[in-house]
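**Q** Sequence:
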Amino acid sequence: MSQSASTPPGVRTTRQRTAVAEVLGNVDGFRSAQDLHDLLRQEGASVGLTTVYRHLQALADAGQIDMLRTDDGEAVYRRCPTAAHHHHLVCRECGRSVDIEGPEVEAWASAVASEHGFTGVSHTVEVFGTCASCAAPVGGALRPSKT
Numbered sequence: 038m039s040q041s042a043s044t045p046p047g048v049r050t051t052r053q054r055t056a057v058a059e060v061l062g063n064v065d066g067f068r069s070a071q072d073l074h075d076l077l078r079q080e081g082a083s084v085g086l087t088t089v090y091r092h093l094q095a096l097a098d099a100g101q102i103d104m105l106r107t108d109d110g111e112a113v114y115r116r117c118p119t120a121a122h123h124h125h126l127v128c129r130e131c132g133r134s135v136d137i138e139g140p141e142v143e144a145w146a147s148a149v150a151s152e153h154g155f156t157g158v159s160h161t162v163e164v165f166g167t168c169a170s171c172a173a174p175v176g177g178a179l180r181p182s183k184t
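Numbering (the numbering used here), first residue to last: 38 to 184.
Hints were generated in silico from the structure; no laboratory data involved. Glycine included, every Cβ here is placed at the ideal spot set by N, Cα and C. Wrong hints could be hidden among the right ones.
Distance windows between CB atoms, simulated [claimed, not checked]:
| hint | residue 1 | residue 2 | range |
| --- | --- | --- | --- |
| 1 | E152 | A173 | 41 to 47 Å |
| 2 | R91 | S151 | 22 to 28 Å |
| 3 | G100 | H153 | 34 to 40 Å |
| 4 | R52 | D75 | 16 to 22 Å |
Required output: the full structure, derived from the provided sequences and hints.
**A** As structure tokens, this is what we get:
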């Protein structure tokens, strides 16, 4: 089979992998492998959960999608619109995310690394909170938190 833009180099394109890539491209925010698997099943796709995990890991390893860990350690994924270095503001409730730049973080990381004699430093910063939609009152009461 041929390679597609949604399949990492050296990985064969299959119907299941194409389905995983498509559902990932159709959701907003970060989603767990289980969430994506549930969406695939709702669409009638016959894709096993193990296949979903494997393909997401291959895409993340190839730098084609972003993967981060939630507060409870669960891996969540999304197709990111930019390949440039950036950070994420992520809603704990719905997974909605906003790409953010952090020049202050970049300056701080560089200064701390230099101060301690480190070179070739990289970092990852993810900021978790509750988005305005999830924090909005429902029927006069605040929405219950999932956490």
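**Q** Against each hint, give a clear statement of whether it holds in the structure.
**A** Going down the list of hints, with the structure as the test:
Taking the beta carbon of each, E152 and A173 are about 43 Å apart, inside 41 to 47 Å as hinted. The hinted window of 22 to 28 Å between R91 and S151 is violated, with their beta carbons roughly 40 Å apart. For the pair G100 and H153, the beta carbons lie near 28 Å from each other, so the given range of 34 to 40 Å is not met. Range check, R52 to D75: about 19 Å between beta-carbon atoms, so the 16 to 22 Å window is met.
The structure fails hints 2, 3 (numbered hints given earlier, in ascending order).
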